[in-house]
Every structure is written in structure tokens, then in C-alpha cells.
Amino acid sequence: MTAILAADVTLPDNSGYVVAAYLVFLVLLLIYVGIMATKLSRFERELTELNELAEKQPETREAA
Amino acid sequence: MYGTRLRALSIATLLTLAGGFALAAFYAPEDADQGFMQKILYLHVPMAIVALCGFVFGAVCAIQHLRTGASRWDLRSYVAIHMSLIFGAGVLVTGSIWARASWGHWWVWDEPTLVSFLIVFLLYATYQPLRFSIEDRDKQSRYASVFAITAGAFVPLNFLAVRLAQTYTHPRVFATTDGGLEPRMKLAFYVCLLGMALLYATLWKYEMASKNTSAQIKALRRRLAGDEPPGPRRSAAPKLESA
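Quick mapping for you: the protein sequence lines, in order, are chains A and B.
Taking our numbering, the leading residue of the first sequence gets 1, the next gets one more, and so forth.
Taking our numbering, the leading residue of the second sequence gets 1, the next gets one more, and so forth.
Hints were generated in silico from the structure; no laboratory data involved.
You can trust all of the hints, since none of them are fake.
Sample of chain A residues with no beta-carbon within 10 Å of chain B, all distances over it, derived:
1) Leu30
2) Gly34
3) Ser41
No more than 16 Å apart at the CA atoms, straight line, and that leaves these computed lysine to aspartate or glutamate pairs for EDC-like:
4) Lys186(B) / Glu30(B)
5) Lys239(B) / Asp138(B)
6) Lys218(B) / Glu44(A)
7) Lys218(B) / Glu49(A)
8) Lys239(B) / Asp136(B)
9) Lys186(B) / Asp31(B)
10) Lys218(B) / Glu46(A)
11) Lys239(B) / Glu135(B)
Just so you have them, the derived chain A footprint on chain B, three or more residues with Cβ under 8 Å:
12) 33 to 44
13) 85 to 93
14) 203 to 210
15) 215 to 226
No experiment lies behind these values; they were computed from the predicted model shown.
Heads up, the beta-carbon is just placed ideally off N, CA and C, and yes, glycines get one too.
Could you put the whole structure together from the sequences, leaning on the hints where they help?
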């Protein structure tokens with residue numbers, strides 16, 4: 001822990017490349033999270049539709 | 001059920017990866033030769049190892065698919081290769097950034113490690129088009145499994161290329177007789193490697209859970225709406241039994 005606290009946090013000149021590499025990783029992750037979020041909202045919409053369909057079914061059976 | 005223990009796995013991934021990157025940034029000393037630039041190693045190399053292991057995992061799942069004929073193994077193989085391709089793209093981009101920073105070039109064609117990884121990546125990039133080109137779903141899954149096994153056999157060549165390479169432009173820092181990684185660097189590296197492996201496992205489980213849920217929703221819709229199963233539609237994704 002002391003080593004971490006004592007570490008020199010001043011970034012050298014070529015730090016831009018290191019930051020860019022880690023940013024690429026972060027962007028890839030964020031894109032993946034975005035795709036998963038889209039899928040999740042589609043599932044939610046489909047489940048709502050299915051719930052509505054399931055609620056309607058007893059009425060249809062009674063009418064028949 | 002692929003969603004079980006996903007929360008715990010996600011938290012473990014986040015903690016391990018954040019811890020690994022923190023160790024790499026603040027605990028591991030700067031490399032005497034490359035300086036601060038060498039910090040890319042803690043991201044690039046674990047990602048490359050995990051991507052290649054993912055391809056091998058895809059091949060193992062494909063073997064299981066051919067042995068058992070169960071479509072769930074085909075799906076596992078498909079998702080493993082899909083995730084490894086994403087990791088592979090990350091490896092190529094971060095590797096190019098590192099190459100530019102240390103060698104002054106975005107890509108070096110006479111470096112066996114780089115080129116062999118690109119060959120493996122491009123080989124697997126044909127996996128999805130191959131699947132999509134076959135309309136019959138049973139044939140598609142069988143051929144895709146054969147492809148995954150054959151391509152999986154090429155992956156160890158990538159590791160061999162690193163060992164057999166005579167050039168010293170690409171850093172080979174493990175198991176060298178005169179040096180190797182400094183212990184603090186080694187610790188940071190192994191934590192990052194574990195974090196990356198956990199990230200792969202988490203994303204693989206997320207994707208499997210998503211595909212499984214999608215298949216169940218389709219099956220439920222057919223039961224509730226009384227729809228006939230849809231006719232054969234061309235798709236690269238494997239078909240689950242419940243779908």
C-alpha cells in the first residue's frame with residue numbers, strides 16, 4: 001500500500017499511447033454493454049407482449 | 001440456466017481487473033528499456049492469451065458437439081469464438097498502438113508473433129460467413145464444428161511462433177534465463193491475466209444467457225400465440241432445441 005501511495009503519479013511524455021490502448025479496451029467494453037442493453041430492452045418489450053397475450057388467453061377460452 | 005452466479009462473477013471480474021490495472025499502474029515498476037509504455041503489456045498480453053485460449057475452448061466445445069450432437073455445445077462453441085474474435089480485435093488494435101509507440105510503426109510484417117496472430121484472427125473471421133453460407137441448420141452446425149476444431153489446432157502454432165522466433169524485436173519476457181519479469185511486474189501481470197480470463201467468462205455467460213432467453217421467448221410466443229414454427233431462415237447463429 002505504501003508503495004502505491006509513494007508511486008510517482010506524474011505521467012511521462014509517451015503516456016498518450018498507453019492511455020489510447022486502455023481507452024480502446026474501455027470503448028470495446030462500452031460497445032458490448034450497449035449491445036447487451038439493446039438486447040435487454042428487446043427482451044423486456046417481448047415479455048410485456050407475451051404477458052398481454054397470456055392475460056387475453058383465458059378470456060378467449062371463456063368466450064369459446 | 002446461464003444467468004446463475006452471473007452477478008458474483010461480474011463483481012469478481014470488476015474487482016480483479018480494476019485491482020490488476022491499479023497494480024500495473026502504481027505498484028509494478030517502470031520497465032528499464034521501454035519505460036511507461038511497457039504498461040500496455042498488462043492489457044495487451046492477457047487479452048491475447050485469453051483470446052487464443054477462447055479459440056481452443058471453442059474447439060473443445062465443437063468436439064463435444066460432434067460427439068453428442070447436442071446443439072447447446074454448438075452454441076457454446078459459437079459464442080466462445082464470437083467472444084474471442086472481439087478480444088482478438090482488441091489485441092490487434094492495442095498491439096498496433098504499442099508497436100507504434102515502441103518501434104515507430106503501426107505494424108511490422110517480419111514479426112512472426114504479430115503475423116501469426118493476424119492469421120489466426122483472419123482464419124476465425126471466416127467462421128461466421130461460413131455458417132451463414134450454409135442454409136441447412138444441421139449441416140451448418142456440423143461443418144462449423146469441424147472448422148472450429150481444425151482452426152483450433154492452428155492456435156498452438158501462435159505460441160510456438162513466439163518461442164521459435166529468432167528476432168528480438170518483440171518482447172519475450174517469461175522464462176528467459178537472463179532476467180524475465182521483475183516479481184512486482186509478474187504479480188501485476190498475473191492479476192491482469194486472471195481479470196481478463198474472468199471478463200471473458202462473464203461476457204461468455206452473458207451472451208449464452210441472452211441467446212438462451214431469446215430462444216425461450218420465441219418458444220413461449222409460439223405456444224401462446226399458436227404460431228407455426230417459422231420456416232427455414234438463413235442465419236449464422238446456432239438453433240437451440242427449445243427455439
